[in-house]
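Visitor: Read off the chains here:
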Amino acid sequence: MFVRRMRASLRGWGGVGAMAVGCALALAFVLLLPLTQSRGEGGRGEGLGGPGLATGSPAKADDCTDSQAQNETWSPSGADGSTIDAIKARTGAKRKLIVGVDQNSYRWGYRNPNNSDAELEGFDIDLVHRIAQDILGDPNAVQFKAIPTSQRIPAIQDGRVDMVVRTMTINCDRLKDVAFSAPYFKTGQQVLAPKSSSITGYNGTLAHKKICTAAGSTAYAKLDADRKSGKLVASADISTTVPNQLDCLVRLQLGEVDAVVTDGALAASQAAQDPTVELKGAPFTTEYYGVAMKKDATDLVRRVNQILVEYRADGWQASYDKWLSATLGGDSAASKPAAPQYLRSS
Amino acid sequence: MTHPPTKSAAPPGAGTALPAQRTGSPAPEAAPPRRRSAFAEGVEQVRAAATTEPGRLRIIGAVLAVLIVAFGAVTAWQMTDRAAAADDVLHRSQPLSSGAADIYRSLADANTTASSGFLAGGQETAASRTRYETDVQTAAAKLVTAAANSEPGSPSEAAVAKLNKLLPEYEGLVERARVYNRQGYPVGGAYLRYANEKMQQEMLPAAEDLYTKENARLASDYSDATPYPWAAIVLGLLALAALAWAQLRHYRRTNRLLNHGLVAASAATVVTLLWLVVGHTVARSGLDGSYDHGVRSLNVLHDARIASLKARGNENLSLVARGAETVTVGGQTYDAYYYDFDKDMTALGKGLTEAAALAHGTAGGKPVVAAEGNMKVWKERHTAARTEDENGDYQAALDKVIGTKDATAECFDSVDTNLKSALAYEETEFKEQATDGRNAMSGLPIGAAMLGVAAASGALFGIGRRLSEYR
Numbered sequence: 001m002f003v004r005r006m007r008a009s010l011r012g013w014g015g016v017g018a019m020a021v022g023c024a025l026a027l028a029f030v031l032l033l034p035l036t037q038s039r040g041e042g043g044r045g046e047g048l049g050g051p052g053l054a055t056g057s058p059a060k061a062d063d064c065t066d067s068q069a070q071n072e073t074w075s076p077s078g079a080d081g082s083t084i085d086a087i088k089a090r091t092g093a094k095r096k097l098i099v100g101v102d103q104n105s106y107r108w109g110y111r112n113p114n115n116s117d118a119e120l121e122g123f124d125i126d127l128v129h130r131i132a133q134d135i136l137g138d139p140n141a142v143q144f145k146a147i148p149t150s151q152r153i154p155a156i157q158d159g160r161v162d163m164v165v166r167t168m169t170i171n172c173d174r175l176k177d178v179a180f181s182a183p184y185f186k187t188g189q190q191v192l193a194p195k196s197s198s199i200t201g202y203n204g205t206l207a208h209k210k211i212c213t214a215a216g217s218t219a220y221a222k223l224d225a226d227r228k229s230g231k232l233v234a235s236a237d238i239s240t241t242v243p244n245q246l247d248c249l250v251r252l253q254l255g256e257v258d259a260v261v262t263d264g265a266l267a268a269s270q271a272a273q274d275p276t277v278e279l280k281g282a283p284f285t286t287e288y289y290g291v292a293m294k295k296d297a298t299d300l301v302r303r304v305n306q307i308l309v310e311y312r313a314d315g316w317q318a319s320y321d322k323w324l325s326a327t328l329g330g331d332s333a334a335s336k337p338a339a340p341q342y343l344r345s346s
Numbered sequence: 001m002t003h004p005p006t007k008s009a010a011p012p013g014a015g016t017a018l019p020a021q022r023t024g025s026p027a028p029e030a031a032p033p034r035r036r037s038a039f040a041e042g043v044e045q046v047r048a049a050a051t052t053e054p055g056r057l058r059i060i061g062a063v064l065a066v067l068i069v070a071f072g073a074v075t076a077w078q079m080t081d082r083a084a085a086a087d088d089v090l091h092r093s094q095p096l097s098s099g100a101a102d103i104y105r106s107l108a109d110a111n112t113t114a115s116s117g118f119l120a121g122g123q124e125t126a127a128s129r130t131r132y133e134t135d136v137q138t139a140a141a142k143l144v145t146a147a148a149n150s151e152p153g154s155p156s157e158a159a160v161a162k163l164n165k166l167l168p169e170y171e172g173l174v175e176r177a178r179v180y181n182r183q184g185y186p187v188g189g190a191y192l193r194y195a196n197e198k199m200q201q202e203m204l205p206a207a208e209d210l211y212t213k214e215n216a217r218l219a220s221d222y223s224d225a226t227p228y229p230w231a232a233i234v235l236g237l238l239a240l241a242a243l244a245w246a247q248l249r250h251y252r253r254t255n256r257l258l259n260h261g262l263v264a265a266s267a268a269t270v271v272t273l274l275w276l277v278v279g280h281t282v283a284r285s286g287l288d289g290s291y292d293h294g295v296r297s298l299n300v301l302h303d304a305r306i307a308s309l310k311a312r313g314n315e316n317l318s319l320v321a322r323g324a325e326t327v328t329v330g331g332q333t334y335d336a337y338y339y340d341f342d343k344d345m346t347a348l349g350k351g352l353t354e355a356a357a358l359a360h361g362t363a364g365g366k367p368v369v370a371a372e373g374n375m376k377v378w379k380e381r382h383t384a385a386r387t388e389d390e391n392g393d394y395q396a397a398l399d400k401v402i403g404t405k406d407a408t409a410e411c412f413d414s415v416d417t418n419l420k421s422a423l424a425y426e427e428t429e430f431k432e433q434a435t436d437g438r439n440a441m442s443g444l445p446i447g448a449a450m451l452g453v454a455a456a457s458g459a460l461f462g463i464g465r466r467l468s469e470y471r
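Those protein sequence lines, which keep their order, are chains S and G. Residue numbers are given in our numbering: position 242 of the first sequence equals residue 242, and the series is strictly consecutive. Residue numbers are given in our numbering: position 350 of the second sequence equals residue 350, and the series is strictly consecutive.
No lab work stands behind these hints, which were simulated from the structure alone. Some hints here could point you the wrong way.
Covered, in the sense of this in silico footprint (three residues per stretch, anywhere, with C-beta under 8 Å from a C-beta of chain G), are these stretches of chain S [stated by the list, open to error]:
(1) 135 to 146
(2) 171 to 184
(3) 245 to 259
(4) 302 to 310
Listed below are the simulated EDC-like cross-link pairs for lysine to aspartate or glutamate, each with C-alpha atoms no more than 20 Å apart in a straight line [what the hints assert, rightly or not]:
(5) K405/G - E380/G
(6) K94/S - D406/G
(7) K405/G - E432/G
(8) K165/G - E256/S
Some chain S residues near chain G, calculated using beta-carbon distances under 7 Å [what the hints assert, rightly or not]:
(9) Y106
(10) T285
(11) T286
Being a predicted model, the structure only gives us computed values, none of them experimental. Built from N, CA and C at the ideal position, the CB exists for glycine as well.
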């Protein structure tokens, strides 16, 4: 009796249980399926968004050609913007323009060891003082930071410096990361080697020679690309890279390398420090130096361009005569860039 | 006259069992092919001898002589080893370890001086030039000593050879830098950077390696000099026990209280054993003291001095590099040299605290406390200099670092001078204690050998007197 009743009640409960399980399953499907679906959609959505963003900047950079890169800048303007305001808002001893420079480029940005004070001097430094004079009203309101060649772009991106004035070539690759002013100097890469060397220029005589370049320089990029494309003999050894182009002169004098490739303007500075080396052959590229700033610092770029317009008319030649005529020759025509164009509008 | 009855078979029996084994053991070595018969023959002879009193006496005499001579020989051998190790601690490994620390210090100081010279401009002061020259000469001289004392093929020899090769290269680079600096060319600075790179990346690691190796050698010499000479002590006790038994037997057999020979032998053995135990204990405590109060303090002080040198080097280099090198730690960007400077100063602070604790209450503590004071001022002045640098007033920062008035240079020099006098104090302390330790062992090997021979002769003489009574 008892057992049968138990069975009956169990059978009854069994039906309820089966219904409950069915309900729970249905609920679970209803609740969980959309969740997994939405997750899948989210993943795909991100995947789509990524390339979309990534293609944005190359599309812009694709418009850039290296022969026209020096014109990828905004038109001059003396107006203040958010970047300039931030610089001017600095107070007390910190009211200074922070500029990344070189302290090793003879007659460009260097410290004369025989000067009693520790001031940097050179062609780049003159321009920095001019910019500080214009923005902060004091040519000496500058904090100089010495920066190795390879650190120029990271220093700007990290905000460690407001600008870099350091014999920096404008090219499309760099325009992806930073913005440049209009060009203030024109030069081209050249080979530097001992006078007694068999090397005659950027040609086959570089076979089996060790060539030194600065890490992160356009010279290294050019050599690397040319060697891959076959324009430079494959047996040339370009593995020696140093933090600063001047370190190449040290390696050359110690016999650790056979030749140096760097901008003609800097190569001439090296030759000026050692009468036994000379420039070999003609420049094999055209390079324009510009002031590099943060990519979005439009107001600062426009302001520097405005300063450069005035500087080219008054100041540039005097600075050239003072620092560079001794190494690059009295005629500055080859070094002064043509009147700039301003191709960027926004 | 109650003694003759105790003439039991047991003691001679026990006595014969021992010599049977002892006299038997050399036999197999003498004639290996006839081992069995020779051994058997020996045992037979001993057994035959043991049946008569003169035979037993001969055996006892031989056993006593062998035990005493063995004791003397083992004592001489073990103490020669320990005395030699103690001598090495005093005259070889500790001076070499200090020498290696001096090499490191001189090299690092030369490099720091050279970079200060660069910071000051083309015309170096006579003082900075002299300091550089002295450093280089010290390093060269200590390298010669280290080379003369390193075993061929050892790792320290390799480190010394490397430093010997690099030092002239380094000097050449610095000389070139000087020439170019005088001409006003920045390539001089490039040479100095190259020299600094060679120093930081090749020479200082090699010097540090040498220092570590020499310190390991010092530790191993200490552990060779201090363990108790257990073998000698056990043998000495055995010999004494045997002598006591022989005299007791003699007394029981003859009722004579003293046998002069055996008494002399016992006295000599006791003296040797006491000398061994007391001498070694004194030596051990001297050596342990020289380690605890000398070597440990010396190591801590050397490390602190090296940390202060590194800090000074980084302080100078941060101004030479002018913000060129940065490190990112935990999302924040720091000047690489200032970051290292802070680490070095922390190490220096720790080292000075430890040195002060070790030298607490001694005359050596004074300069350490003074150095701690200098370090505090150094930190304050450095902060001021760094603020100037970060505000972009490079000249003011420079004046606060290498200037002649209230500059950090002064603090660094004071720290260095104080650490130098603390090191000199601990060096004297070490030498005194280690010399005491070593002296406690000197004479022990020869003395033990001579006393052993005397004791053995005494034993043989004493037994001989008894034997002669049977003729």
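Visitor: Can the stretch 245 to 259 of chain S be counted as covered by chain G under the rule of three residues or more with Cβ-Cβ separation shorter than 8 Å?
Guide: holds (count 5)
Visitor: Under a C-beta cut-off of less than 8 Å, do 3 or more residues of the stretch 302 to 310 of chain S approach chain G closely enough to confirm the stated coverage?
Guide: violated (count 0)
Visitor: Report holds or violated for the interface hint on Y106/S, using the least CB-CB distance to chain G and a cut-off of 7 Å.
Guide: Where the cut-off is 7 Å and the nearest Cβ of chain G is about 5 Å from Y106/S, the hint holds.
Visitor: Under the criterion of a CB-CB separation shorter than 7 Å, is T286/S in contact with chain G as hinted?
Guide: 26 Å, violated
Visitor: For the hint on T285/S, just tell me whether its beta-carbon gets within less than 7 Å of chain G.
Guide: 24 Å, violated
Visitor: Holds or violated: K94/S and D406/G, Cα atoms, limit 20 Å.
Guide: 24 Å, violated
Visitor: With the threshold set at 20 Å, check whether the alpha-carbon distance from K165/G to E256/S stays at or below it.
Guide: 17 Å, holds
Visitor: Hint check: K405/G vs E380/G, CA-CA at most 20 Å. Holds or violated?
Guide: 15 Å, holds
Visitor: Count residues of the stretch 171 to 184 of chain S with a Cβ under 8 Å from any Cβ of chain G, then say if the count reaches three.
Guide: Contact hint for the stretch 171 to 184 of chain S vs chain G: violated, 0 residues under 8 Å.
Visitor: Examine the stretch 135 to 146 of chain S: at least three residues should have C-beta closer than 8 Å to a C-beta of chain G.
Guide: holds (count 5)
Visitor: For a C-alpha distance cap of 20 Å, please report whether K405/G and E432/G respect it.
Guide: 41 Å, violated
The structure shown violates the earlier hints numbered 2, 4, 6, 7, 10 and 11.
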